[in-house]
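Enquirer: Join these two chains into a complex; the hints should help.
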Amino acid sequence: MRKLPAALAVVGLTVVALSLASCGGGSDSGGKEGGTLRGTYASFAELDPTIAYTAEGLTAMYNTYLPLLTYAHANGQAGTEVVPALAQSLPKISKDGKTYTLTLRKGLKYSDGAPVKASDFASTIERIFKLNSPGSSFYTAIVGAEKFAETKSGGIPGIETDDKTGEIVIHLTQPRGTFTNELALLYSALLPSDTPAKNLTADPAPATGPYAITKSEPGRGWSYVRNPQWAKTNGELMPDLPSGHVDKIEISVVRNKATSVNEIERGKSEWMQSILPADLYNKVKDKFEGTQFRVEQPINLYYFWMNTSQPPFDDLKVRQAVNYAVDTAALERIYSGSLVAAHQVLPKDMPGHEPFDLYPHDMAKAKELLAQANPADRDITVWTDNESPNDEAGAYYQDVLSKLGFNAKLKTINADVYFQLISNTSTPDLDTGWTNWFADYPHPNDYFQLQLSGESIAPIGNTNLARIDDPKLNAKISKLAEEQLGPGQEDEYAEMDREFMEQAPWTPYGTNTVSTFVSSDINLDEVIFNPTFGQDLTSFQFK
Amino acid sequence: MDTRSPWYLAYRRLRRNRTALAFAALFALIALFVLAAPLWANNVADTGPNATHTLDKVEVDGEAREVVNREGKPVGPLWFSAGGKFFLGADGRLGRDEMVRLMYGGRTSLFIGIVAALITTLLGTTLGLLAGYYRGWADAVIARTMDVIWAFPVILLGIALGVALATSGLQIGPMHLSGSSIWIPILIIGVVYTPYVARPIRGEVLALREKEFVEAAVSQGAGSLRVMFGELLPNLLSTVIVFFAIGIANSMLLESIISFLGVGVQAPNTSWGTMIAGGFELITSSPLLTVIPGVMLLLTVLAVNVFADGLRDALDPKAKLRLEAHAGIAEPEGTPV
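As given, the protein sequences belong to chains A and B, one line each in that order. FYI, the numbering for the first sequence is 0 to 542, going by numbering that gives the first Met the number 0. FYI, the numbering for the second sequence is 0 to 336, going by numbering that gives the first Met the number 0.
What the hints contain is simulated information worked out from the structure, not anything from laboratory work. Accuracy of the hints is not assured; some may be wrong.
Here are the simulated distance ranges between beta carbons [to be verified]:
| id | chain 1 | residue 1 | chain 2 | residue 2 | range |
| --- | --- | --- | --- | --- | --- |
| 1 | B | A139 | A | E386 | 42 to 48 Å |
| 2 | B | F79 | A | K364 | 34 to 40 Å |
| 3 | A | E386 | B | A24 | 40 to 46 Å |
| 4 | B | L301 | A | G404 | 43 to 49 Å |
| 5 | B | H175 | A | K151 | 38 to 44 Å |
| 6 | A | Q483 | B | R64 | 50 to 56 Å |
| 7 | A | T172 | B | A150 | 54 to 60 Å |
| 8 | A | K286 | B | R64 | 23 to 29 Å |
| 9 | B | A21 | A | T426 | 48 to 54 Å |
| 10 | B | G75 | A | N423 | 42 to 48 Å |
| 11 | A | S308 | B | I154 | 38 to 44 Å |
| 12 | A | D520 | B | L31 | 55 to 61 Å |
| 13 | B | L155 | A | E386 | 20 to 26 Å |
The C-beta atom is built at its ideal place from N, Cα and C for all residues, glycine as well.
Just chain B, same shape as in the assembly (with noise of 0.2 Å):
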């Protein structure tokens, strides 16, 4: 008989998902990358994110060239040319480094894409346990506010937010959030998505209190704090956690979505949703304005989601078995895992 802690157990299986790890391994890589923003800027690009360099001239190969030419096209990747700088090229008329722009850009997409997540599951957790576990009026007020909010697409209301607060900022008590902060995306992702948190959760609840477990604890004489958050909650953790990294990868998408509508992060912020945005414009010119940073953005969702998903298998192995059966590829019940 396996005595060792689930925990242990989904920590074995995820060790065996290789494709998981790897590209885990590559959420790191990227995540490295962006954290090395300033040490890039300073010791190499010698230029900050927000820096213009619209008349400057950069020297290449012992020749002066022109940043921003004429007719107000931009530099292209210099690669080592220039000593690192303008590496990836320059980001459009303004002449800012588009390398330097790319890390500080990602810093902000994953700053955003982690701390929205985290708002959500927070936020989606606390609804779901407390509507789920008190049911009556409660469930029924926190039911319908998530099915308004449900009910609105995603994105239209995550445009209809960011337009809203983009010009007015936000009041939070005595708090107020200017409309270029970067909060405001992350609070409107964060809300936008509460729902697709809290709803599946509160199922879960609805029927993890009627288990032994939870009548056992109340036996007991534990109230309802205790039991929510000191019995059902850690039976849920590894539905909560695999919510937080799928929603890591879904906030970076919406937030690059709204910015690149302009009303998401707001200049001279960068993220790679308003890289995108900015590239656009010049796309039939300098392609790679766009290509750049919308590749660093699949490939970090494309990391964060597979890493999820094997997350999942590893976190709960009966729901890879379920969904496997359904598709007909199932193995036999009892195989070791």
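The shape of chain A in the complex, shown without the other chains (with noise of 0.2 Å):
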């Protein structure tokens, strides 16, 4: 038997004693690895990737439920690009936009060992249509999914998935250029063919993230801890995505903001999730911007919507004079300086974003065109939710229609409900109100198609809240729709958001910020927001 030279010997003990370094102690930001993170929530998430929608849930299971694709775990412009993340690469499209390849990567395994197989993609979107899931029209698109929607049997003839090479065909009824983000979102990712379907946020499905949810209880909180089959096999087959810093993470329901913010300054937590009470967000901004708190920005829009199907406002003038009426530096103000004012349809940071103002704020000009149009019916019911500060949003802009000569009675619903009386139009006296929207995904289409399309006007789960129905614009859309984003359809996104404005069915007035604020333990420098999905939980790093 030979031996080992002296000089070899130390070089390869010396390569080992670092690969043990990096495993347990330092990393490339100087933060530590391993720990435990406590986090804060104001409202319990749903814990089931087919079922939520909101910020909430989508923070959870970023990285805990992965879909064949996701998007880039990056701040800001970067972290709207999307990426493969169970699939080996971002789908083939044929030549008509009507048929979606992907092939799953090999080896992957859920938290509790079973393997990931093709065949649970189409068993996770029958699983949608069975929830009545928010997100089902997402997937409406895909050939025998309408007929699957009603009968919830039969399998979805326009899925084909082959087990032993992970391929996934996926054939769509017409061309949908927003395909390749809704293939994305959370809605679709992964779950075993057996999952039940029911909403399983008591009892969370495994995971094929690098973060797997242990426990759950709704209303008070749930822990996540590291997926055993991560370190084993998914975190080698999805090298680009992160693996995580903590070795936990807690999350503990706490409805008090004020609560939440005062746990983390006494390093009693070291995140929360929820934005910051009104009152203190000045506060914390000044104290700790740069050190513990900054500034986010997600793709949304806040607006008050006005019924075009009905006098008053299904006259152009008066929606105008509304438009000129609102002012949005008063909103600002109001909203304590987390909003940025915008009066447009598309979002900053929505691609095909250009800025405009068709509308400077002019009282005067909007009596004028008030007293042009001169509306018989002046007595309108402003909607707004009771949640600050979209009740004093609403509170403004029921004293803003008064000033303007209206008779306007302000209705505040409670928040739970809100959504669903202001969607149902059967609903009495849907004048006019407040509305916000949060991008599902970075595609400018997601603020056309749902909330200015004729077609998206429904009895039930109407989200074209203005029920404009325009035939020209409408033809725009639909065109738009069956085309992948370039610089080209960009630039028609972009003039069509003036030729809206220009028929001024809302009246926007801003995008709102959210915080990441976080305890002097964590790096706040490596915290990821990505827009979509808010904080990503695989950054938070200890010092």
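Expert: Structure, rendered in structure tokens:
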């Protein structure tokens, strides 16, 4: 038996020692590996990827349940890029834009050790329809999906899978330029095919991402540990996705946001998911910005809708008058500086966004336009929810409309049922009101198709609150929806933004920011805020 | 032998209770304060309770100051340095005049308190009379219904009804009350407190109906209605008056609780409860927004309760003696009043 030369042995031992050190101690950013991250949420999140549609749910499951594709783990614009997750690469799209082909990475496993199969994609999409998921509409373009949505049985013929090769072929009824984005939504995150068609929030399904949810107590909190299969297989198979720094994450629900702030300041927790309470926002910002606090910009728009299908808002001049009357500067102040004023459909950071303002605040002009229109019906109801400061935005809007000459009555509805009520077209007196829209994905179609296309007007679950139905603009939305997004399409979306604002179905007033607030133990510079998913739990690292 | 009426004797006893009278005067002052709301709004503050001033400036000692600063913090009390405008400052990011809202909010709170107490007293007295006089199935139905309402904690029942009705409103026959109507909290409060009046009244009626004067009325051919409202009710009047007074305080408190939780008075209407709720969000930076309506509510409820206590002592001196005997501090029997 030959002996290793002494020098080689020393080199070998050094390499081993360094490898061990990198596993257990430091990292590139100089922070610690391991530890338990303690976070707070202001409300409990749905912990079922098929059902969850709130920002809370998206943040909670970004690193737990992986779709075939996902969004890059990066801040700002870079985080809007779709990248492969469980799939080997981005989909191959047929020339007619109706067939998407993907291949599942080989050897993937769920956190319980079961293999991830291509057929799980088909059962996951079926589960979306079985549960009437809020994300159903993103997948109805798949051949046979609409029928399955009605019958809930018989499978979806538009999805072909091969467990041996891992190939997944999706046939669409018509080209859909947003489908790649939709394959990166959490709704389509793969779950084992035997996952029951019921809300699994209390008993979360096995994970494919770096963290698995191990305990869930609805209303109180939940916790994560590292997914054992990530270290064994999944992490190596998806090297572009981060593995995370902390070993354990404990989330508790603390309804009082001021308490959450206090807990971070006292070092009792490391992070709060919710936005800061309005009266503490500036205090915390002034004290901790740059060290523990950072303003984040998800893609969203806050606006007042006007029901264009009935008087008085069926008159263009009335709608334009309202746009001139609302002062976005006042609303910025009502939102304590967290809102960035905007007066157009496409929000900042959305592809196609070109800033403009057709209606700079001018009360005199607003009154002149209203005098020209002279609407016979001036009794209107203004709707808003009861969450601050949206309720104050509603009260401000009602006051503006009163000053303009309307007999405006404010209707403040509990936030839990607000959207359910205003999206039901049979609800009486739906004249005008407040709403907001956080982008499902960074594609301009998300703002036009659902909220401004005549096709989206529905008796229940109506998302076109202004009920605008302009045939010319409808055709333009449909045409662009079939095309893959590129610079040409972005220009067309920008033009359509202006065309819709000329019709003034809404009075947009701004994009709201959120914040990341962490304890002094966390390295804020490393924390990633993805514009779609929010804070990336894999990026939290102790100093 | 004193031949003066029991009402006159009660009045004399009340007049001698200086504490009760002082708090009655306080209540009268508060009532005057809130009734003067339009005068203050039109002649001093020059603004309405719902008019927003987010971007407006107010002149303070010749210097223009923002009503709401860029961080969303409202101006604090200016007292008379701006000619009475924003006397108590602005109410929050909408920049509404806190003093004007306090006065108008007080009107709402008092109105709800008085009307809800009236409903409670009328309903409770009528049901208590019917149940106690007729007994049998009428008593069974009324008493069990009251038991069901009683079984719910008042605040929880108020919140549950408030949530349901604030959204859909209330249809009473051909009349529809919208969810934002202040009649919704009035009806909720009026109904949830009814058992608290009906049950003791029923108990009193059960005892009174066995008395000789009732038998005498019946033997003279008096009908049921005549006996209930002509013979029994006058004997219950002192109890009813005390219940009404206490009911005002309780109703105002419940209104403020359900409004604080967002299911009572709906925006843009204001009450002291909604003002406390609105100010609570800014409690660390502008605590007066919560404290001032809170103090007004406290003083009003205290004034009504102390006066109601004095009224009870005056109308039913034996009750006081019974209570004091129970506490071991009773004056000897026969002490002149």
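Enquirer: Could you tell me which of the hints above the structure violates, numbers in ascending order?
Expert: The structure breaks none of the hints.
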